[in-house]
Amino acid sequence: KAGVTQTPRYLIKTRGQQVTLSCSPISGHRSVSWYQQTPGQGLQFLFEYFSETQRNKGNFPGRFSGRQFSNSRSEMNVSTLELGDSALYLCASSLGRGSTDTQYFGPGTRLTVL
Amino acid sequence: KQEVTQIPAALSVPEGENLVLNCSFTDSAIYNLQWFRQDPGKGLTSLLLIQSSQREQTSGRLNASLDKSSGRSTLYIAASQPGDSATYLCAVSGGATNKLIFGTGTLLAVQP
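Protein chains in written order, with my numbering: chain R, 527 to 640; chain S, 42 to 153.
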């Protein structure tokens, strides 16, 4: 079974631009979560989607948004990019939201904002 | 507010040694706890998941324990190998949610 895939793997943008990242979960998984990883802040939760609905949101500004489609694929969007948005963005998928549901992570998208 | 701490931040051991990584959390009301490894510049690989009602889980040379009341988990790696070199992260979930709160990680180097 294919793992979690993320596209693109690398992105370079300039301040003020916007960016869209994509995540395809493992087949059959209905939950997708997004995380931002930086050297200074570590891994921080962005949002969680389950069955096309946002179930949980982290403490990030409104410039960060996301959505999930009927096939469980998810996208996240960052508008008006700032230098501090440079990070590795990881998505994770799981079968459901139960206590036994392991989360499987993709390889990440490395975003650099110049 | 849940906080997760991992000690030590870095660890270097010779090949073949058994080792223990520590994870502590401030709020014992967790749903589950997961251990991951991350290779440089890569995503996270799930190692073990322990439900809040469980005490330990084992997979190969790895054994993870959970003591909810004291807010601690340990990851035991037996007979370490150079291929075990990576950053190890623990993460807790606080309810029927997939929101994980991560520790800062332990960077492990196994010297051949």
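Do not rely on the hints blindly, as some may be mistaken.
[As the list claims (entries may be wrong)] Some residues of chain R that are not near chain S, with every Cβ distance over 10 angstroms (derived):
| no. | residue |
| --- | --- |
| 1 | Lys527 |
| 2 | Tyr561 |
| 3 | Glu574 |
| 4 | Ser591 |
[Said to hold, decoys possible] Now the in silico label distances, taken between C-beta atoms and shown as ranges:
| no. | chain 1 | residue 1 | chain 2 | residue 2 | range |
| --- | --- | --- | --- | --- | --- |
| 5 | R | Phe586 | S | Glu44 | 34 to 44 angstroms |
| 6 | R | Asn597 | S | Arg96 | 33 to 43 angstroms |
| 7 | R | Ala528 | S | Ala70 | 27 to 37 angstroms |
| 8 | R | Leu621 | S | Gly135 | 17 to 27 angstroms |
| 9 | R | Thr579 | S | Thr67 | 28 to 38 angstroms |
| 10 | R | Phe586 | S | Thr46 | 30 to 40 angstroms |
| 11 | S | Thr67 | R | Thr626 | 17 to 27 angstroms |
By construction, these hints were calculated from the structure, which means they are not laboratory data. All of these numbers come straight from a predicted model, not from anything done at the bench. Built from N, CA and C at the ideal position, the CB exists for glycine as well.
Violations among the numbered hints, reported as their numbers in ascending order: Numbers 2, 3, 5 and 10 - these are the hints that the structure violates, sorted from lowest upward.
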